[in-house]
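Trainee: Okay, here's what each chain looks like letter by letter:
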Amino acid sequence: MIEIILLVSSVLFIFALKLFGRPSTAHRANTFAMLAMALAVFSAFNFDFSKYDSAFYITIVVSGLLGVLISKRVQMTQMPELVGLFNGFGGGASGAIAYVELSGNSLPLSDVFVAIFSMVIGIFTFSGSLVAVMKLRGKLNNFNKKLADIFSVFLPTIIVFPAVLEMDDLLMEFIILVSLIAGLIRVAVIGGADMPVVIAFLNSLSGIAAMSAGFIVNSIILIVAGALVGASGIILTLLMCAAMNRTLLDVLKGGFGSTSINNEYEKDPISTSPEDVAIQLSYAESVVIVPGYGMAVAQAQAAVKELTNTLKDKNIEVKFAIHPVAGRMPGHMNVLLAEVDIDYEDMYILEDINSEFSSTDVVIVLGANDVVNPLARTDEDSPIYGMPILDVDLAKQVIVVKRSMSPGYAGIANPLFINDNAKMLFADAKEGLENIIKSFELV
Amino acid sequence: MEATFLLTLLITFLASFIGYELISKIPQTLHTPLMSGSNAISGITLIAAILIYPEIGESQLLKIIVLIAIAFATLNIVGGFSVTGRILEMFKKND
Numbered sequence: 053m054i055e056i057i058l059l060v061s062s063v064l065f066i067f068a069l070k071l072f073g074r075p076s077t078a079h080r081a082n083t084f085a086m087l088a089m090a091l092a093v094f095s096a097f098n099f100d101f102s103k104y105d106s107a108f109y110i111t112i113v114v115s116g117l118l119g120v121l122i123s124k125r126v127q128m129t130q131m132p133e134l135v136g137l138f139n140g141f142g143g144g145a146s147g148a149i150a151y152v153e154l155s156g157n158s159l160p161l162s163d164v165f166v167a168i169f170s171m172v173i174g175i176f177t178f179s180g181s182l183v184a185v186m187k188l189r190g191k192l193n194n195f196n197k198k199l200a201d202i203f204s205v206f207l208p209t210i211i212v213f214p215a216v217l218e219m220d221d222l223l224m225e226f227i228i229l230v231s232l233i234a235g236l237i238r239v240a241v242i243g244g245a246d247m248p249v250v251i252a253f254l255n256s257l258s259g260i261a262a263m264s265a266g267f268i269v270n271s272i273i274l275i276v277a278g279a280l281v282g283a284s285g286i287i288l289t290l291l292m293c294a295a296m297n298r299t300l301l302d303v304l305k306g307g308f309g310s311t312s313i314n315n316e317y318e319k320d321p322i323s324t325s326p327e328d329v330a331i332q333l334s335y336a337e338s339v340v341i342v343p344g345y346g347m348a349v350a351q352a353q354a355a356v357k358e359l360t361n362t363l364k365d366k367n368i369e370v371k372f373a374i375h376p377v378a379g380r381m382p383g384h385m386n387v388l389l390a391e392v393d394i395d396y397e398d399m400y401i402l403e404d405i406n407s408e409f410s411s412t413d414v415v416i417v418l419g420a421n422d423v424v425n426p427l428a429r430t431d432e433d434s435p436i437y438g439m440p441i442l443d444v445d446l447a448k449q450v451i452v453v454k455r456s457m458s459p460g461y462a463g464i465a466n467p468l469f470i471n472d473n474a475k476m477l478f479a480d481a482k483e484g485l486e487n488i489i490k491s492f493e494l495v
Numbered sequence: 625m626e627a628t629f630l631l632t633l634l635i636t637f638l639a640s641f642i643g644y645e646l647i648s649k650i651p652q653t654l655h656t657p658l659m660s661g662s663n664a665i666s667g668i669t670l671i672a673a674i675l676i677y678p679e680i681g682e683s684q685l686l687k688i689i690v691l692i693a694i695a696f697a698t699l700n701i702v703g704g705f706s707v708t709g710r711i712l713e714m715f716k717k718n719d
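Quick mapping for you: the protein sequence lines, in order, are chains A and B. Heads up, the working numbering is the position in the first sequence plus 52, with the first residue counted as 1. Heads up, the working numbering is the position in the second sequence plus 624, with the first residue counted as 1.
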């Protein structure tokens, strides 16, 4: 009986991933996954609920309620932090279970290896995720890189240790401590804009930790589900890296953009006003909006929607060009736009929109920087050289809504800002858009 | 024992492969809900906690650690699915 429940559960998990492939069926995917999870958890009790005391049930109920409460209260712009936080919890749980299994002392040697692996990965995910959350909240600056490098050499060596040494409490505590610190420091050296990669990578690790836990307790469903999560995290990680033309190793090394080179502009940019932008837009036939992290920080989604409506009322075509690493997690911009009811049919990925820029009348760059920097195409010495960018500089006119001329994450100047077809609207994304909308009423 | 282990490895490989194939087809628009959804699934480690909880024995420390694991995993699962549902609801109303 239990086997049949688990079989159904595994199939449901896989089916849920299949349904996730299209926006129109994705909400059903979540229902399927929840059902699969409920069945899997139910099966673990093996129809014997009396083996568990009240402390057990109270813990489940209280933390479940807490989970619902947190998830209902959080804002869409805080989604990266929340996913990071939950992810850390998942990893921490796997790490804790591996620790308990190791303390049981009855494991065969092969399982000891798997358990240590699960513990190290789980604890690393836990502390790394917590640091990622703090980074996303802007509470933590970049950490000393040398110290981090010493620790990243440490981490692989401790996994080999138990082969030579007898496993004892002291060694275990040492491993836990090193894993904790390694997670802290490794993520601490990585800059905020690389968080899409980090979050995806930690997501994958939490799946791998769960999968290893499945090997220890001989649970196939745990292995299957863990492997699915591990695969999904790895895919997203590699996609994000490819979108920046960097390797995972390079991202994890950290310190990106800390060396500012070539930060000067040859001439002053052309500054514009909300009124002029409104006039410019009212003569356009096609407009592409390029959102970036600045839109999320300023909470400008509602203003974006309002401007989109204003433009569409004037029969102006509006599209959104979304770079894969825009924002702080994969798909971050899409979610913020969906929140204000912007049709996902209007959101375009880099490959689909790049050929259209040359025939676009006005591009509005909203709080994005490195992902529209033409140096990625032209300057071989640039740290972002070879990164696929949105070719907005090819459009007839470009309006950059940005608070100042400060460089983006890569720490380099963006020649787009002083291009002949570009104008700067110096403002916070939300305020800038609201002023443009107001000016429309006067045009 | 040997055969079971190999079978388990085979299942692991197949699951990773299916996961890779299916997830590669998911569009960029859905990457955030995919991430929070798969994140919720990683809380499935709760099963391991449920399996080992009755077998801990006398140690209060180990019991507390498993309870912490249960709390973490439950938070991960319930919170993760709940927030994924919220995100997907926003994509649904576009239809």
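None of these hints come from the bench; they were simulated from the model. Heads up, some of the hints might be wrong.
As the list claims (entries may be wrong) - Straight-line alpha carbon distances no greater than 27 Å define the calculated DSSO-like cross-link-like pairs of lysine-lysine that follow: (1) A/K371 - B/K649; (2) B/K716 - A/K124; (3) A/K364 - B/K649; (4) A/K103 - A/K124.
What the hints assert, rightly or not - Covered stretches of chain B (in silico footprint by chain A; criterion: 3 or more residues with CB under 8 Å from a CB of chain A, positions within the stretch not fixed): (5) 630–637; (6) 646–653; (7) 658–669; (8) 693–705; (9) 708–716.
Please read these numbers as outputs of a predicted model, since none were measured by experiment. For every residue, glycine included, the Cβ atom is placed at its ideal position computed from N, Cα and C.
Trainee: Run every hint past the structure and note whether it holds.
Mentor: Hint by hint, here is what the structure shows:
1. A/K371 - B/K649: Holds, because 23 Å separates the two Cα atoms, which is no more than 27 Å.
2. B/K716 - A/K124: Between B/K716 and A/K124 the Cα gap is close to 18 Å, so the pair holds against 27 Å.
3. A/K364 - B/K649: Violated, at about 31 Å.
4. A/K103 - A/K124: 33 Å, violated
5. 630–637: Three-residue rule met by the region 630–637 of chain B, so holds; n is 3.
6. 646–653: holds (count 8)
7. 658–669: Coverage by chain A holds for the region 658–669 of chain B (12 residues, Cβ < 8 Å).
8. 693–705: Held - the region 693–705 of chain B has 13 residues with a Cβ nearer than 8 Å to chain A, which meets the minimum of three.
9. 708–716: holds (count 9)
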